[in-house]
Amino acid sequence: MLSSVIAGLMRLPEWGLSTPVLVDWVEQALDLGITSFDHADIYGGYSVEAAFGAALASAPGLRQRLQIVTKCGIKLVSPARPGHAIKSYDCSRAHLLASVDESLRALRTDHIDLLLLHRPDLLMNPDEVADTFSHLRACGKVLAFGVSNHRGDQVALLHRRFPLQAHQLEFSVLQAQALDDGSLVQCQDLGLQAMAWSPLAGGRLFSPYDAQARRVLPVLEGLGAQHGVSPATLAYAWLMRHPARPRPVTGSGRIAALREAVAAMGLPLSAEDWYRVWQASTGHEVP
Amino acid sequence: MLSSVIAGLMRLPEWGLSTPVLVDWVEQALDLGITSFDHADIYGGYSVEAAFGAALASAPGLRQRLQIVTKCGIKLVSPARPGHAIKSYDCSRAHLLASVDESLRALRTDHIDLLLLHRPDLLMNPDEVADTFSHLRACGKVLAFGVSNHRGDQVALLHRRFPLQAHQLEFSVLQAQALDDGSLVQCQDLGLQAMAWSPLAGGRLFSPYDAQARRVLPVLEGLGAQHGVSPATLAYAWLMRHPARPRPVTGSGRIAALREAVAAMGLPLSAEDWYRVWQASTGHEVP
Amino acid sequence: MLSSVIAGLMRLPEWGLSTPVLVDWVEQALDLGITSFDHADIYGGYSVEAAFGAALASAPGLRQRLQIVTKCGIKLVSPARPGHAIKSYDCSRAHLLASVDESLRALRTDHIDLLLLHRPDLLMNPDEVADTFSHLRACGKVLAFGVSNHRGDQVALLHRRFPLQAHQLEFSVLQAQALDDGSLVQCQDLGLQAMAWSPLAGGRLFSPYDAQARRVLPVLEGLGAQHGVSPATLAYAWLMRHPARPRPVTGSGRIAALREAVAAMGLPLSAEDWYRVWQASTGHEVP
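Chains as they are written, first to last, in this note's numbering: chain A, 1 to 287; chain B, 288 to 574; chain C, 575 to 861.
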């Protein structure tokens, strides 16, 4: 359902694109095979979905050629939501239904392809969420459901009541806790589509002041040279090589950056080279 | 089966109540709707159950109006148990059967409503425990079973062999590890009745020398003022708001203190206010 | 299937035994009731299996009187494996099949009794492993399968696809993390045979410079004196007392050391004495 690389729109406001230029950007992404676009209601202070929706509205037929992922469940203090006094989480039925309706209106579409609970609401009633998801699916507003940034026990609690299809979590060669905490193993076990946010560690990979990056980047450069690709492409290939087949959610507005992610698809990284990168990341040999 | 607030008897020896006064105290608790009384064989150095039993024996009809929770499995070094050379745990069949018989004799009753394994015995044979529980239920000595202070994997090990009904764990606005370690999610998932000991963090909530308490107490006071209740009541309402519906086990002998717990029942704490307290507890916004 | 004590061959190269002397050593182990011998392809830099195989080949009938455990999945940098550029893990079908064939050839046998994945390969595809295990069992090359040093979620991931029979993990009175991390509980829960490597903590138990050993050893000596056995025997009895019934994998080439392990079988260590040792190990009473 999702493309192997997913374009993340979190930073759309920083890119300063007019609606026609955004349409063009989406078209270029589609040409690269990136058909999935990742949103959250809160991105840009509740503004990104509407900007994307304007692009969709101005380009007839565009909506059918792409999939929309969006998230809900975080309440941000924002002029756009004067009712929120503090930042908090909410996955009550009332909030989820209202949030989806807002997202559909902003995105100018009649359905969301994949809806994720953005953060684990400690007050989650899993039966209520399951019921709400069922309703949203039955009325065609949302096609599939998942979570983001949840602990394994929280995923399992909900999954046993409603079949989830995806877990979006932080995963990169510099931030690989998902390998240690069982998150990716759970994706394998339950058949959840893993999605990786911050696949380049938010740019830290290229920081000369980061000790871990200084270990990893030369290894990526060396392997990249062998394969004729950039170190960023190698970083994408490394994460996509995991058997949970994580799909990176890019963060950049540059088409060249998307191209670097797409170039990782099918790049034949050997298991040994995967461990070579992993060893540079942890700073030591495997035990 | 249990009342929403449970009266804990751990500190009974400190209250200095004669048997008639204790009967009166129990009657007052019952008048408040508190019908469940929490014991352990070891409380008061193996003395509390007997003191409570004396009250029951002196007041015909009292036993039928309340539920007794007690615990077993800790062996304390005590003049009352000269056979114990060190503090250790024991949930062997022989110890559980002997412990229940001692508790029944001390409590002057023919049945325990809920029996909990007090601490996880690392030497637990789950089949032996399941077998022992079945026997205790079949002969009517114990109506229901649970655990206290067990890790999730230990709960699951036993629950798969014998259906547990409750998990008593530490939980309060100042000590909320149960939110992080999956314990409360497990209660939700398996349908275990959560019980919360130290619901006011052993009084630490009111310590002027505790940095966390100094953050939390003003928030509880503010919200309490809005609802017309004490900060202690708000602390109870906060923990009872969790979807596992934890039942606080009080520690005080003052009826006024029990009343503060009971006042939390049904107090309409909003999710946002729950997070407001949580933020004060952790010292930071949610991520 | 396995004997209660398992003779580990990891250090065979240090013992400096000729083939006839090794045959004699194996015979003495068998006389003690130790019928299981623990290997890994990598032991001795890929040399131990072949040395053991030479002993088996020189003593007709010996193979049928013992069980061979071996491990695979670690790729070591070694003159014996010039293709390995770095230390890494590999449980791909190709590597497992090749590794088993190498082990069979080196051991001069037609079957391995128990094959363990030595370390968790982060790139493990559990369906591929399950498929490979099924194939190896079907063609009679391996009779049973397990893992070593895996996290609980990794064990479960594989076990749900292929029934594992054993988990070999580090466990001793000085290194008892397996009591805390749920590993032994999982062995109980899934019915996996627990095997304990470094059962004497690699000799640290007898180090005068180790604070933990200085607490534990006197307790073992005291209890050992009561039972008429050495402190090492008591250390074995302590670990074998756990309800997962871990089977120690010895490390020594001295028959007297094997005898100390065997002497622990059936030694009636009371639960209280088990906790006495445990208290010395942790340095504090149980909570």
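Calculated directly from the structure, the hints in this document are not laboratory data.
Positions of the beta carbon are idealized from the N, C-alpha and C atoms, including for glycine.
Any given hint could be a false lead.
[Claimed, not checked] Just some of the chain C residues that point at chain A, by a computed CB distance under 10 Å:
{"id": "1", "residue": "P587"}
{"id": "2", "residue": "E588"}
{"id": "3", "residue": "I648"}
{"id": "4", "residue": "P656"}
{"id": "5", "residue": "S666"}
{"id": "6", "residue": "R667"}
{"id": "7", "residue": "L671"}
{"id": "8", "residue": "D675"}
{"id": "9", "residue": "M698"}
{"id": "10", "residue": "N699"}
{"id": "11", "residue": "D705"}
{"id": "12", "residue": "R734"}
{"id": "13", "residue": "I829"}
{"id": "14", "residue": "R833"}
Going through the hints against the structure:
1. Against a cut-off of 10 Å between C-beta atoms, the interface hint on P587(C) is violated, since the closest Cβ of chain A lies about 20 Å away.
2. A cut of 10 Å between beta carbons decides the hint on E588(C): the least distance to chain A is about 21 Å, and the hint is violated.
3. Because the smallest distance between the Cβ of I648(C) and any Cβ of chain A comes to about 8 Å, under 10 Å, the interface hint for this residue holds.
4. Checking P656(C) against chain A: minimum C-beta separation of about 13 Å lies over 10 Å; hint violated.
5. The closest approach between the C-beta of S666(C) and any C-beta of chain A is roughly 7 Å, which is under the 10 Å cut-off, so the hint is satisfied.
6. About 12 Å separates the beta-carbon of R667(C) from the nearest beta-carbon of chain A, more than 10 Å, and the hint is not met.
7. Because the beta carbon of L671(C) sits about 15 Å from the nearest beta carbon in chain A, more than 10 Å, this interface hint is broken.
8. Among the interface hints, the one on D675(C) is violated; its C-beta lies about 19 Å from the nearest C-beta in chain A, farther than the 10 Å criterion.
9. A least Cβ separation of about 7 Å between M698(C) and chain A falls short of the 10 Å threshold, and the interface hint therefore holds.
10. Taken as an interface hint, N699(C) checks out: its beta carbon lies about 5 Å from the nearest beta carbon of chain A, inside 10 Å.
11. The interface hint given for D705(C) is violated, since its Cβ lies 14 Å from the closest Cβ of chain A, which is over the 10 Å cut-off.
12. Given hint, R734(C) at the interface with chain A, holds; its Cβ is 7 Å from that chain's nearest Cβ, closer than 10 Å.
13. Contact between I829(C) and chain A, as hinted, is not supported at the beta carbon level, the nearest pair being about 31 Å apart and thus beyond 10 Å.
14. Taking 10 Å as the C-beta cut-off, the interface hint given for R833(C) is violated, the closest approach to chain A being about 31 Å.
Of the numbered hints stated above, those contradicted by the structure are hints 1, 2, 4, 6, 7, 8, 11, 13 and 14, listed in ascending order.
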